[in-house]
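Work out the full structure: start from the sequences and follow the hints.
So the sequences go chain by chain: A and B. Counting in the working numbering, the first sequence runs from 1 upward without gaps. Counting in the working numbering, the second sequence runs from 325 upward without gaps.
The hints are simulated quantities; they were obtained by calculation from the structure and are not laboratory data. You may find that some hints are simply not true.
Said to hold, decoys possible - When the alpha-carbon atoms are kept at most 25 angstroms apart in a straight line, the in silico DSS-like pairs for lysine-lysine are as follows: (1) K126(A) - K339(B); (2) K407(B) - K131(A); (3) K571(B) - K126(A); (4) K413(B) - K108(A); (5) K339(B) - K571(B); (6) K12(A) - K210(A); (7) K128(A) - K108(A); (8) K128(A) - K571(B); (9) K68(A) - K571(B); (10) K68(A) - K413(B); (11) K12(A) - K413(B); (12) K339(B) - K12(A); (13) K112(A) - K413(B); (14) K413(B) - K131(A); (15) K131(A) - K344(B); (16) K138(A) - K407(B); (17) K108(A) - K339(B).
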Amino acid sequence: MELIRVNQLTKKFEELTAVDHISFSIEEGEIFGFLGPNGAGKTTTLSILSTLLSPTSGEAYVNGFNVKSNQNEVRRSIGVVFQDPTLDEELTARENMLIHGRLYGMKKPGEKINELLELVELGQWKNKLVKYFSGGMKQRLEIARGLLHEPKILFLDEPTLGLDPQTRNHLWDYIKKMNREKNVTIILTTHYMDEADKLADRVAIIDQGKIVAMNTPGNLKELIGGSILRIETKNGNEVEKLMTDQEWIEKTTQHDGFVDISLQNAEKHIAEVMKILKDIPIDSVSVRIPSLEEVFLNYTGRTIREEEASSKDRMRQHSRAMRR
Amino acid sequence: MGSAIYIIWYRNVLKYFRMKSRIIGSLGMPFFFLVIIGFGLDSAVSVPGGMTTSYVDFIAPGIIAMSILFSSMFSGVQLVIDKQIGFLKETLVAPVSRMELMLGQALGGATTAMIQGLLVFIISMFIGLDIPSFTGILISLGFMFLIGLSFTSVGIAFASRMEDTHGFQLIVNFVLFPVFFLSGALFPLDQIPQWLSFLTYIDPLTYGVEGIRYGMLGASQIDPLVCFAALGGFLVVVLFLGSYLFKRIRI
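This is how it looks when you write it as structure tokens:
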């Protein structure tokens, strides 16, 4: 069953087009990831789907309800975990949960609260003030709270931003567990490649407000070739010229002093490649099994890091527009 | 719809009782006003006949109104804090209307302000005020609640437009002191110059003070029904204003 359908959705802030005619649909039970740099439009998209912002044009349906005209039904269908904390730290974990439950019209949320706090291993801390919690504990509490009213869909905006690797791994396990055990459809945004890769069933790569690619992580990686032989050299053009003649090579690209050669079974062809390039000075050679990093590079022509630097100006513009 | 109003109210009351130091601390000023100004000026001010003979008794309703005024206006700071800690977002994305959120917040602030006023009420009885009749107490409580709810709404109206707590406190202080000093809490209304008397009659708190005075002392300078109508009218206006500005909060 289709739970989310978005058609030509657009959001403009003054001059800036944060979301530019995007369309997609998400099935029940999926974990769907939006991957892109800061300022790409991920959070804006999520804000529209959770009724906090209204779109400039286009349509979005959540659980069959229009985000513009059926706000309350949409809100009842979703749980949202925002990028910034939204807990009342002067209250206990249980009290934060209780307030949430009552806001969503639950009569007796007590039992459900205990069950969820156990699930995220905060059971023994439930009567402690949240201000004494660590970053990971707070994030787990936010996720548990987002699930309290049994939403069909859970939105997670950068769920592991600023957490240490161990806590991140832990949190990924919880998210998968929620998805499996509660059959909650999960939509998350991230600018971590590994997060999208490990968690998401399907990934949409979003760049400057547009979806540039959307598929399973496996398919996305396969589409850009089986593996990559990365050659560091100052004579990139010559390397490319020599290599394009070989029929077992699918594609070559150049960036930042590297030549990336896409081919099947790169490790078996290293010797051959070295023979062909024997007259060209080479600084290093490495074999890379493609990750989403390469996929991103392939579709946008930049690494996500370069993208973040250039999007800083856009961000500033964006936050100024938001303040108005 | 009641559930959301209740839980927002509950959160405010819960947080209030958790801050014991704030409860005690904010009793300090009313206490000193009562004791020092009350006894200090006892012989200097002549209270209108028929009400009471003691100046302390005369200002006690004014000091109760003062503590409610301060506490209710400052309760708006919670809204500014909720913006900062992000909690406001959590409530705005819930399937409840902003009107409910605003009412819960206003009732919560009014309740805690009333508790604060009741504590001053009790203190003033310890320092010599006669215990009023049961009806008198009910009338006083009614006016205390009206003051609390009105000025909490004013606080929310200010807080809706503010981003930082210091700015909020400055603005509120700027408004609070004229409202308090012009209210006739400290002086009889018939012994002041005309221009001052005019300002006193446009100050909504005047009607609250006089209303409580009627409840506690059995007599007042303004008819209690007039007080009720004036304060009630003010409440409707500021409730409307508060919810209008609350609805327009952007996050």
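Structure-based check of all given hints:
Proximity of K126(A) to K339(B) is assessed by CA-CA distance (about 17 angstroms); at most 25 angstroms being required, the pair is judged to hold. Proximity of K407(B) to K131(A) is assessed by CA-CA distance (about 17 angstroms); at most 25 angstroms being required, the pair is judged to hold. For the hint linking K571(B) to K126(A), the alpha-carbon distance of about 33 angstroms lies beyond 25 angstroms, and the restraint is violated. The suggested pairing of K413(B) with K108(A) holds, with an alpha-carbon distance near 23 angstroms, which does not exceed 25 angstroms.
For a cut-off of 25 angstroms, the pair hint linking K339(B) to K571(B) stands: about 24 angstroms separates their Cα positions. Between K12(A) and K210(A), the direct Cα distance comes to roughly 13 angstroms. Compliance with the 25 angstroms bound is thereby established for this hinted pair. With a CA separation close to 21 angstroms, the supplied pair K128(A) and K108(A) stays within the 25 angstroms bound. Note on K128(A) and K571(B): the hinted pairing is violated, with a Cα-Cα distance of about 33 angstroms set against a maximum of 25 angstroms.
Distance check on the hinted pair: K68(A) and K571(B) sit about 16 angstroms apart at the alpha-carbon level, within 25 angstroms; holds. Only pairs whose Cα atoms come within 25 angstroms are accepted, and K68(A) paired with K413(B) is accepted, the gap being roughly 18 angstroms. The straight-line distance between the Cα atoms of K12(A) and K413(B) is roughly 21 angstroms, inside the 25 angstroms bound, and the hint therefore holds. For the given pair, K339(B) sits about 40 angstroms from K12(A) by alpha-carbon distance, which is inconsistent with the 25 angstroms threshold.
Between K112(A) and K413(B) the CA atoms are separated by roughly 23 angstroms; this keeps the pair inside 25 angstroms, and the hint holds. Restraint check for K413(B) and K131(A): satisfied, since their Cα atoms lie roughly 18 angstroms apart, inside the 25 angstroms limit. A distance of roughly 18 angstroms separates the Cα atoms of K131(A) and K344(B); the hinted pair therefore holds under the 25 angstroms criterion. With a CA separation close to 18 angstroms, the supplied pair K138(A) and K407(B) stays within the 25 angstroms bound.
Among the hinted pairs, K108(A) with K339(B) is consistent with the structure: their alpha-carbon atoms are about 22 angstroms apart, no more than 25 angstroms.
Violation of the numbered hints given earlier is confined to hints 3, 8, 12; the remaining hints are satisfied by the structure.
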